[in-house]
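Residue numbers (our numbering), protein chains in the order written: chain H, 1 to 270; chain G, 1 to 270.
Incorrect hints may have been included.
The list treats identical chains as one, so a pair stands whether inside a single copy or across any two.
To be verified - With a straight-line cut-off of 25 Å between C-alpha atoms, the simulated DMTMM-like cross-links for lysine to aspartate or glutamate are:
hint: 1; residue 1: Lys138; residue 2: Glu195
hint: 2; residue 1: Lys245; residue 2: Glu108
hint: 3; residue 1: Lys31; residue 2: Asp167
hint: 4; residue 1: Lys138; residue 2: Asp27
hint: 5; residue 1: Lys138; residue 2: Asp64
hint: 6; residue 1: Lys245; residue 2: Asp217
hint: 7; residue 1: Lys245; residue 2: Asp93
hint: 8; residue 1: Lys31; residue 2: Glu162
hint: 9; residue 1: Lys46; residue 2: Glu234
hint: 10; residue 1: Lys58; residue 2: Asp222
hint: 11; residue 1: Lys31; residue 2: Asp91
hint: 12; residue 1: Lys138; residue 2: Asp217
hint: 13; residue 1: Lys221; residue 2: Glu162
hint: 14; residue 1: Lys245; residue 2: Asp216
I should point out that these hints are in silico values taken from the structure, not numbers from a laboratory.
For clarity, every value in this text was computed on a predicted model and none was experimentally measured.
Protein chains: 2
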Amino acid sequence: MSDLFHREYDRLRALVEARLETYFTADAPAKSLADAMRYSALSGGKRVRPVLALAFAKACGVIDNTALDAACAVELLHTYSLIHDDLPAMDDDDTRRGKPSNHIVFGEWRAILAGDALQAEAFSKIANCGLEPPRVAKMLSALARAAVDVCHGQTLDLEAVESGSADLYAIHALKTASLFVAAAKIGVLAAGGTERQLTAASEYARAVGLAFQIRDDILDKDGFYTAYGIQKCEELIESNTIKAKNSLKGAFGGVRFLSSLAEELAGRSS
Amino acid sequence: MSDLFHREYDRLRALVEARLETYFTADAPAKSLADAMRYSALSGGKRVRPVLALAFAKACGVIDNTALDAACAVELLHTYSLIHDDLPAMDDDDTRRGKPSNHIVFGEWRAILAGDALQAEAFSKIANCGLEPPRVAKMLSALARAAVDVCHGQTLDLEAVESGSADLYAIHALKTASLFVAAAKIGVLAAGGTERQLTAASEYARAVGLAFQIRDDILDKDGFYTAYGIQKCEELIESNTIKAKNSLKGAFGGVRFLSSLAEELAGRSS
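Work the whole structure out from these sequences, hints included.
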């Protein structure tokens with residue numbers, strides 16, 4: 001991938017990091033809860049979802065603080081889902097992104113509440129982003145849809161662990177692709193994009209989300225990798241990446257970054 | 001309290017129950033999650049918050065399915081908070097409203113996810129209620145604010161258990177009154193009420209919420225009851241009930257039901 005792509009990715013990621021830094025300050029009613037929220041929201045990660053949102057905002061117009069808050073809202077929702085996924089009653093993971101999980105640092109009940117509050121903050125950030133109400137309402141509808149889907153996906157995933165049989169397409173669509181779609185739509189809406197751009201962004205994000213998750217399964221040697229083998233996985237990744245890139249055609253002016261992003265997320269090594 | 005009041009309360013509660021019955025049907029991606037959500041959403045209760053929302057909708061105009069969905073959204077958010085409060089890592093309660101808690105019936109991880117999904121559904125119900133976007137955006141902003149507050153309130157509450165010292169006013173304001181305020185505002189907004197009505201409804205709900213919670217503490221012999229004694233509690237309940245009723249004056253046409261509701265919630269015996 002070109003240096004140009006990585007410079008732009010890093011620039012967008014830095015915007016997200018800087019914006020997230022301004023959240024969860026010391027004036028919260030329960031300071032310890034704000035600390036727990038902040039800990040996970042600022043614990044790094046690739047910031048794929050907010051970068052995706054910003055890339056679509058840019059493809060439709062400009063990136064301003066409104067688009068940035070909307071993009072960060074998607075990351076807050078993702079962060080909440082990771083905190084809850086790591087809980088002892090769920091995946092029981094002690095580490096996340098190379099650091100102790102939220103519940104290890106802040107205790108189980110506070111981790112549950114930090115997740116709960118991050119979900120609420122995600123909706124709050126968009127509700128109060130200052131955009132015109134019709135777009136805000138559509139953004140919140142997209143986020144809510146994904147938020148419900150993520151819970152259903154996680155349920156199917158945990159049930160698959162218990163039963164030994166999984167509908168991997170459904171799990172990945174609900175748990176991963178749905179939030180990618182919300183991120184893309186929110187980016188388009190933040191920049192005042194058209195209906196056609198909304199549709200194209202959704203198609204792109206759904207395909208990229210699936211490719212991203214299958215690559216994840218290959219890296220983790222589970223899911224699609226175990227069920228279908230490496231060759232089928234690589235074929236699915238390639239066809240979905242092509243589908244993603246094709247969906248951009250004619251809908252946006254400049255698509256170089258979004259095309260490269262699809263390739264990067266499909267082929268990443270970590 | 002008059003028969004007229006109770007007939008109207010029961011009528012509004014029945015509207016809420018009937019509407020909730022239509023949610024969480026069998027076509028959900030993860031049926032077991034929908035079952036868990038349905039179990040708690042339909043497990044009875046006084047339905048104080050949605051009735052409050054409907055009472056304000058009626059005071060500002062009419063109650064239609066839009067107002068009903070908005071009112072039910074508040075109840076879904078309340079239901080999620082109860083499911084999470086009952087978790088082993090939180091209050092560790094095995095029963096709720098005379099029935100086994102959600103995590104007892106559906107297991108801990110599914111109860112966490114059922115709560116998560118109910119919060120998301122609460123936002124979804126309003127986002128998709130079909131009202132004009134400016135009102136939807138304001139309703140979602142009110143709900144998000146309360147959703148964040150509830151988490152901070154629960155945090156302060158659990159920290160008080162650990163430390164033995166509590167700021168009861170802050171806890172009750174965040175954990176109880178904030179969602180009462182959201183319910184009232186959502187009711188006004190659903191019926192197209194004025195700014196003045198919004199302000200009056202907020203004042204009413206804040207005072208009623210505090211009186212409601214202090215009565216709760218008296219019934220449970222904890223909180224305000226333990227800290228301040230019965231006389232001070234009754235004084236606070238009375239002053240807040242008067243404040244609530246006064247806030248209605250001049251802002252709404254018919255206030256008989258809302259006045260009676262303030263008295264009923266302040267003086268209830270269960």
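Now for the hints, and whether the structure bears them out:
With identical chains, the CA atoms of Lys138 and Glu195 are at most 25 Å apart both within one copy (12 Å) and between copies (24 Å). In this assembly of identical chains, the alpha carbons of Lys245 and Glu108 never lie at most 25 Å apart, being 42 Å within a copy and 41 Å across copies at closest. With identical chains, the CA atoms of Lys31 and Asp167 are at most 25 Å apart between copies only, with a shortest distance of 14 Å across copies and 41 Å within one. Taking the shortest Cα distances, Lys138 and Asp27 sit within 25 Å of each other only across copies (24 Å), while inside one copy they are farther apart (30 Å).
For the identical chains of this complex, Lys138 and Asp64 are neighbours both inside a copy (18 Å) and across copies (22 Å), given an alpha-carbon limit of 25 Å. Proximity of Lys245 and Asp217 under a CA criterion of 25 Å is satisfied intra-copy only: 22 Å inside one chain copy versus 60 Å between copies. When the C-alpha separation of Lys245 and Asp93 is checked against a cutoff of 25 Å, the pair qualifies neither within a copy, at 35 Å, nor between copies, at 51 Å. Taking the shortest alpha-carbon separations for Lys31 and Glu162, only the inter-copy value of 15 Å comes in at or below 25 Å, while the best intra-copy value is 38 Å.
Taking the closest pair of Cα atoms, Lys46 and Glu234 come within 25 Å of each other only inside a single copy of the chain (22 Å); across copies the shortest separation is 55 Å, beyond that limit. Proximity of Lys58 to Asp222 under the C-alpha cut-off of 25 Å is found in neither arrangement, the shortest distances being 35 Å within a copy and 55 Å between copies. Taking identical chains as interchangeable, the C-alpha atoms of Lys31 and Asp91 lie at most 25 Å apart only when they sit on different chains, with a minimum of 20 Å there against 27 Å within one chain. Taking the shortest alpha-carbon separations for Lys138 and Asp217, neither the intra-copy value of 32 Å nor the inter-copy value of 41 Å comes in at or below 25 Å.
Taking the shortest Cα distances, Lys221 and Glu162 sit within 25 Å of each other inside one copy (19 Å), while across copies they are farther apart (43 Å). Taking CA atoms no more than 25 Å apart as the test, Lys245 paired with Asp216 passes inside one copy only; the shortest distance there is 20 Å, against 58 Å between copies.
Hint violations for this structure: numbers 2, 7, 10, 12, all remaining hints satisfied.
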